[in-house]
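Let the hints inform the model, and build the full structure from the sequences given.
For reference, the chains in residue letters:
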Amino acid sequence: MIVEFLFYEENVSIAEDTNYAHLKSEIRNLLNNPFNRKVLIDVLMDLRKDLSGNTLNNLFELFQSLGLHHDSYKKLESWKWQTVSKGILELTQLHVEDSYVFIAKFINDKRSTIRKQAEIAIITLKNEGVNYFLDTTTYRISEWQQLKILEVLKNKTNYLPPSFNQWLLSKNKDVVLFSLRLMKVYNQTDGNKALIELLKHKNAQIKFAAINCISEFHVVSAIETLKLVFWNSSVDIKIATLDAIASLGSSAEIEFFKSVGVKESNFNVKSKALSCINVISPMSVLPTSGVQSVDKFKIPNDIDNETLTEINIDVIEHTTPQNEDIVTINESQSDTAKTALKKQTNIDKSSIQEELISEIQEELVSEDVHLNQDHINENVELPLETKPFAADIDSDIEGFSIDFLPLVFTDEKTVKSEKYIPNKNISDSKQIELSELELIFEEVSSEEIKVENVNEILIDEIDVAFIPIVIPSQEEINSKQNQENVKPLNPLNIDVIYSEIIIDIKKENKKPAEPPKIKAQQKTLRKKKKTAPKVPTSIQDITMKNIKNIECNAVEVDYDRKVTEEIDNDVFDSDLSLEIPRELTTIEWILAENEAQSEMKHKIKTILNQQDKASFKLPKPNILSENSISTMVLLNDIEALGDEREIPLLKNLLLDEKEPILREQIEYLLIKISKTEVLKREPIKPDTVVYSVFEEYFGRLDIQSKLILLDEISAVGDEKEIPFLRRVVESSKAKVHLKAQKCLEQLIARLLKEKEQINTEILKSKSVITAKTEIKISKENSPKISEKPFSIFEIDFDITRDN
Amino acid sequence: MKNQSSVLLAEDDELLATLIKHRLEKGGYQVILNRDGKEVKEHLNMSIPDIIICDIMMPYFSGMELIDFVRNELNSNVPIIIISSAGNEENVLNAFELGANDFLSKPISPSELLVRVAKELNKTKRAD
Numbered sequence: 001m002i003v004e005f006l007f008y009e010e011n012v013s014i015a016e017d018t019n020y021a022h023l024k025s026e027i028r029n030l031l032n033n034p035f036n037r038k039v040l041i042d043v044l045m046d047l048r049k050d051l052s053g054n055t056l057n058n059l060f061e062l063f064q065s066l067g068l069h070h071d072s073y074k075k076l077e078s079w080k081w082q083t084v085s086k087g088i089l090e091l092t093q094l095h096v097e098d099s100y101v102f103i104a105k106f107i108n109d110k111r112s113t114i115r116k117q118a119e120i121a122i123i124t125l126k127n128e129g130v131n132y133f134l135d136t137t138t139y140r141i142s143e144w145q146q147l148k149i150l151e152v153l154k155n156k157t158n159y160l161p162p163s164f165n166q167w168l169l170s171k172n173k174d175v176v177l178f179s180l181r182l183m184k185v186y187n188q189t190d191g192n193k194a195l196i197e198l199l200k201h202k203n204a205q206i207k208f209a210a211i212n213c214i215s216e217f218h219v220v221s222a223i224e225t226l227k228l229v230f231w232n233s234s235v236d237i238k239i240a241t242l243d244a245i246a247s248l249g250s251s252a253e254i255e256f257f258k259s260v261g262v263k264e265s266n267f268n269v270k271s272k273a274l275s276c277i278n279v280i281s282p283m284s285v286l287p288t289s290g291v292q293s294v295d296k297f298k299i300p301n302d303i304d305n306e307t308l309t310e311i312n313i314d315v316i317e318h319t320t321p322q323n324e325d326i327v328t329i330n331e332s333q334s335d336t337a338k339t340a341l342k343k344q345t346n347i348d349k350s351s352i353q354e355e356l357i358s359e360i361q362e363e364l365v366s367e368d369v370h371l372n373q374d375h376i377n378e379n380v381e382l383p384l385e386t387k388p389f390a391a392d393i394d395s396d397i398e399g400f401s402i403d404f405l406p407l408v409f410t411d412e413k414t415v416k417s418e419k420y421i422p423n424k425n426i427s428d429s430k431q432i433e434l435s436e437l438e439l440i441f442e443e444v445s446s447e448e449i450k451v452e453n454v455n456e457i458l459i460d461e462i463d464v465a466f467i468p469i470v471i472p473s474q475e476e477i478n479s480k481q482n483q484e485n486v487k488p489l490n491p492l493n494i495d496v497i498y499s500e501i502i503i504d505i506k507k508e509n510k511k512p513a514e515p516p517k518i519k520a521q522q523k524t525l526r527k528k529k530k531t532a533p534k535v536p537t538s539i540q541d542i543t544m545k546n547i548k549n550i551e552c553n554a555v556e557v558d559y560d561r562k563v564t565e566e567i568d569n570d571v572f573d574s575d576l577s578l579e580i581p582r583e584l585t586t587i588e589w590i591l592a593e594n595e596a597q598s599e600m601k602h603k604i605k606t607i608l609n610q611q612d613k614a615s616f617k618l619p620k621p622n623i624l625s626e627n628s629i630s631t632m633v634l635l636n637d638i639e640a641l642g643d644e645r646e647i648p649l650l651k652n653l654l655l656d657e658k659e660p661i662l663r664e665q666i667e668y669l670l671i672k673i674s675k676t677e678v679l680k681r682e683p684i685k686p687d688t689v690v691y692s693v694f695e696e697y698f699g700r701l702d703i704q705s706k707l708i709l710l711d712e713i714s715a716v717g718d719e720k721e722i723p724f725l726r727r728v729v730e731s732s733k734a735k736v737h738l739k740a741q742k743c744l745e746q747l748i749a750r751l752l753k754e755k756e757q758i759n760t761e762i763l764k765s766k767s768v769i770t771a772k773t774e775i776k777i778s779k780e781n782s783p784k785i786s787e788k789p790f791s792i793f794e795i796d797f798d799i800t801r802d803n
Numbered sequence: 804m805k806n807q808s809s810v811l812l813a814e815d816d817e818l819l820a821t822l823i824k825h826r827l828e829k830g831g832y833q834v835i836l837n838r839d840g841k842e843v844k845e846h847l848n849m850s851i852p853d854i855i856i857c858d859i860m861m862p863y864f865s866g867m868e869l870i871d872f873v874r875n876e877l878n879s880n881v882p883i884i885i886i887s888s889a890g891n892e893e894n895v896l897n898a899f900e901l902g903a904n905d906f907l908s909k910p911i912s913p914s915e916l917l918v919r920v921a922k923e924l925n926k927t928k929r930a931d
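Those sequence lines, one after another, are chains A and B. Our numbering numbers the first residue of the first sequence as 1 and each following residue consecutively. Our numbering numbers the first residue of the second sequence as 804 and each following residue consecutively.
Because the hints were derived from the structure by calculation, they are not lab data. Any given hint might turn out to be false.
[Said to hold, decoys possible] Straight-line C-alpha distance at most 25 Å; calculated BS3-like pairs for lysine-lysine:
no. : chain 1 : residue 1 : chain 2 : residue 2
1   : A       : K171      : A       : K110
2   : A       : K193      : A       : K173
3   : A       : K227      : A       : K258
4   : A       : K154      : B       : K909
5   : A       : K86       : B       : K909
6   : A       : K156      : A       : K105
7   : A       : K764      : A       : K742
8   : B       : K829      : A       : K156
9   : B       : K824      : A       : K49
10  : A       : K193      : A       : K49
11  : A       : K49       : B       : K928
12  : A       : K24       : B       : K829
13  : A       : K38       : A       : K49
14  : A       : K105      : A       : K173
15  : B       : K829      : A       : K49
16  : A       : K24       : B       : K824
17  : B       : K829      : A       : K148
Written out as structure tokens, the structure reads:
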């Protein structure tokens with residue numbers, strides 16, 4: 001039926017026309033049913049997706065001619081947002097232009113879905129919809145919404161966009177942004193002045209959009225404003241501004257970019273400024289980071305340094321103004337500034353040298369060009385340090401510690417002339433970079449080096465403090481002085497005279513820290529001289545005892561050098577011709593030292609053992625009986641968990657216990673428990689708030705669940721639930737209030753019943769008990785029956801004869 | 804009837820299929836409507852129409868498979884017009900590579916379809 005309507009053509013036969021009229025009346029009858037109307041709207045909406053052209057227009061007409069749009073209008077009046085939205089969609093999709101006025105009302109609707117639907121609808125329905133939308137909207141326009149609107153506008157046929165710059169004055173930030181976007185889309189360049197003004201906008205987004213538009217429309221007049229605005233912008237805006245200036249500007253802007261490079265602290269902005277210079281004048285700023293120094297490159301031997309320097313001069317003269325600037329600064333600056341700038345010049349130098357080398361190599365290989373010496377202008381002041389590298393290094397090395405470097409001798413001349421002096425002029429040294437050093441290494445064979453007096457040099461530098469001091473005799477010294485040629489010493493040939501020295505241990509024990517006194521030692525030595533004439537004459541005669549004595553003596557000497565000196569003077573100069581060991585070999589000394597140390601350790605151990613025995617006796621184990629152990633465990637438990645109820649038990653234990661440790665523990669516990677504040681607490685009063693298990697749970701539930709829980713409480717709850725239910729009764733919600741009240745009544749009734757039952761049971765049990773006791777009493781009171789069995793013969797009777 | 808050319812319409816969307824059928828019938832064609840690929844295959848095994856109009860996305864048997872079936876298994880040069888809502892470049896190219904004669908993206912104009920059908924039938928008539 002719908003298809004008939006859709007493909008109805010006016011120029012048809014009468015039969016078809018009558019058929020069409022018949023169908024129309026039929027469909028009108030059908031549409032009296034709201035369900036049919038709904039179905040028809042859905043069908044039309046569905047068909048609308050797959051149709052285009054004239055058939056689609058017929059569909060739109062059919063929708064309105066059947067009066068289905070009234071249904072959509074009704075939907076707009078609904079309070080449900082989804083119904084309103086559906087109504088707007090139907091009217092928009094089926095192009096009911098008359099609905100524009102009704103839909104426009106929803107432009108500033110607080111419900112975002114309706115608002116967005118209305119925005120699309122009015123733009124779709126009428127061309128002037130965009131104007132109305134931009135004029136009236138007070139809400140923000142999302143990015144997605146902007147794209148959707150743009151799509152609608154693009155699909156519009158015969159659409160003439162308005163001049164969007166009129167909305168650049170809008171108070172709505174998003175309207176301004178959207179207008180800027182639309183201006184860009186429709187290439188509307190009539191708002192340049194407004195765009196320049198927007199550069200001064202406080203909102204970064206608007207600023208950014210304006211900059212984009214300016215770049216797009218190539219508004220050269222905006223450069224000055226861009227420069228002005230730049231300094232008061234965020235990083236992103238600064239970068240965008242620099243981009244815009246670079247795209248619009250000329251070489252006059254290079255100075256601005258340079259000043260940005262100097263003044264700007266942000267790395268990104270700085271590097272952007274530099275790249276912008278290259279945009280305006282390409283290749284004016286060359287890459288520097290990651291560029292290797294030319295010094296590191298291997299240069300063929302046939303190219304000498306002089307050639308390089310010549311070309312260096314030539315090239316540097318022809319370098320860019322930037323490099324010249326740097327060079328002039330380098331010349332005019334003080335020495336301190338020079339060192340700071342060295343790095344920069346080195347970078348430039350390296351890049352230039354790199355180019356040079358490649359050029360030279362090419363020239364030498366291909367054309368075999370000989371560089372003429374005449375090219376070198378000696379009077380030319382070199383902007384950079386163009387001396388040969390070796391000379392550079394010499395000047396640098398003067399103030400730099402190079403102790404760590406290996407000694408390399410290039411030839412005999414250099415070795416002689418440049419004698420190495422370690423730590424030369426450290427105080428005056430300048431800090432130089434290691435990378436700046438230029439070293440020329442040559443392999444040195446062992447035959448070529450003629451090192452003289454190496455031993456002397458080594459001995460001078462060796463620290464010999466660790467070697468024990470050996471005191472030679474006066475005669476020995478004298479003989480040494482006399483002898484010009486020193487013969488090598490043979491330890492086996494040394495005649496050593498040892499004397500036994502007894503150390504006064506008592507004195508040492510009293511004052512172990514004090515160094516030995518010379519006078520006292522002298523005395524002991526004198527005594528020894530009288531009593532101990534036995535002295536080993538050869539190394540075979542040396543016993544361990546003797547070594548020990550020597551060691552002791554040596555130790556005494558080592559205490560303080562002053563003391564040894566005094567000994568030297570006093571002992572050896574004394575008229576007592578005491579024979580003291582004069583010379584000992586190193587092996588003997590080591591042996592003696594080891595022996596003495598082990599002996600000393602042994603002595604210390606024995607002393608400590610004796611002390612241990614005397615004073616550090618371990619306590620004997622106190623072994624308790626099994627019974628006592630169990631009591632101890634019990635007491636520990638009582639200490640941990642017990643309260644005042646344990647006092648009688650403890651008292652009993654105290655009476656029974658004989659073990660003193662346990663008695664002590666029990667007494668301690670009795671005091672502790674009786675004094676514990678926790679246990680002195682008052683018992684819980686019945687008036688205090690009673691906690692119901694349901695209370696916590698109840699708070700989290702929804703109303704329905706609460707009602708169910710209240711039923712459960714009335715069924716299973718006890719007295720604790722009564723105060724809780726009373727609180728629930730005060731609830732503001734009527735349902736809960738009523739339910740709680742009912743439950744409370746039920747609970748109370750149930751509890752009363754239960755109590756009554758309990759009471760009756762108690763009474764019953766009491767009556768049973770009383771009955772039993774009564775029986776008992778009665779039994780007790782009743783006359784005792786003879787325990788003997790009844791016998792008929794025990795009946796006391798007399799037999800008589802009646803006549 | 805102007806002409807009695809038979810058109811096999813393979814479209815699973817009932818509403819659109821009815822609409823197109825009605826339009827084609829009104830244009831003087833004999834339309835055989837099939838709802839899915841299986842029906843189309845069965846029908847093609849029995850008889851080949853003058854022109855086939857089919858949707859790409861159909862149950863059991865896609866429009867692409869149908870083209871392949873007609874061109875390679877039936878070895879028929881019957882004109883095929885493809886209708887698809889997925890009118891992306893890849894689909895269009897695939898359809899033409901397989902041997903489709905025309906391609907229409909949804910939403911379609913029934914009048915336009917009618918013209919295209921007529922054009923394709925004319926081509927085949929000229930070729931014959």
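Hint-by-hint comparison with the structure:
With a CA separation close to 19 Å, the supplied pair K171 (chain A) and K110 (chain A) stays within the 25 Å bound. At most 25 Å may separate the alpha-carbon atoms for a hinted pair to count; K193 (chain A) and K173 (chain A) meet this at roughly 18 Å. Between K227 (chain A) and K258 (chain A) the CA atoms are separated by roughly 13 Å; this keeps the pair inside 25 Å, and the hint holds. For a cut-off of 25 Å, the pair hint linking K154 (chain A) to K909 (chain B) stands: about 19 Å separates their Cα positions.
Taken as a hint, the K86 (chain A) and K909 (chain B) pair is honoured in the structure, with Cα atoms around 23 Å apart against an allowance of 25 Å. The straight-line distance between the Cα atoms of K156 (chain A) and K105 (chain A) is roughly 22 Å, inside the 25 Å bound, and the hint therefore holds. Restraint check for K764 (chain A) and K742 (chain A): the C-alpha separation of about 33 Å exceeds 25 Å, so the hint is violated. Among the hinted pairs, K829 (chain B) with K156 (chain A) is inconsistent with the structure: their alpha-carbon atoms are about 32 Å apart, more than 25 Å.
Straight-line distance between C-alpha atoms of K824 (chain B) and K49 (chain A) comes to about 17 Å, which keeps the hinted pair within the 25 Å bound. About 45 Å separates the Cα atoms of K193 (chain A) and K49 (chain A), which puts this hinted pair outside 25 Å; it is violated. Restraint check: the Cα-Cα separation between K49 (chain A) and K928 (chain B) comes to about 34 Å, which exceeds 25 Å; the hinted pair is violated. Taking the CA atoms of K24 (chain A) and K829 (chain B), the gap is about 19 Å. The hint holds against a cut of 25 Å.
Between K38 (chain A) and K49 (chain A) the alpha-carbon distance is near 17 Å, which keeps this suggested pair within the 25 Å criterion. Pair hint K105 (chain A) plus K173 (chain A) holds up; C-alpha atoms about 22 Å apart against a cutoff of 25 Å. Pair hint K829 (chain B) plus K49 (chain A) holds up; C-alpha atoms about 22 Å apart against a cutoff of 25 Å. Simply put, K24 (chain A) and K824 (chain B) have alpha-carbon atoms about 21 Å apart, close enough for the 25 Å limit, and the pair holds.
For the hint linking K829 (chain B) to K148 (chain A), the alpha-carbon distance of about 38 Å lies beyond 25 Å, and the restraint is violated.
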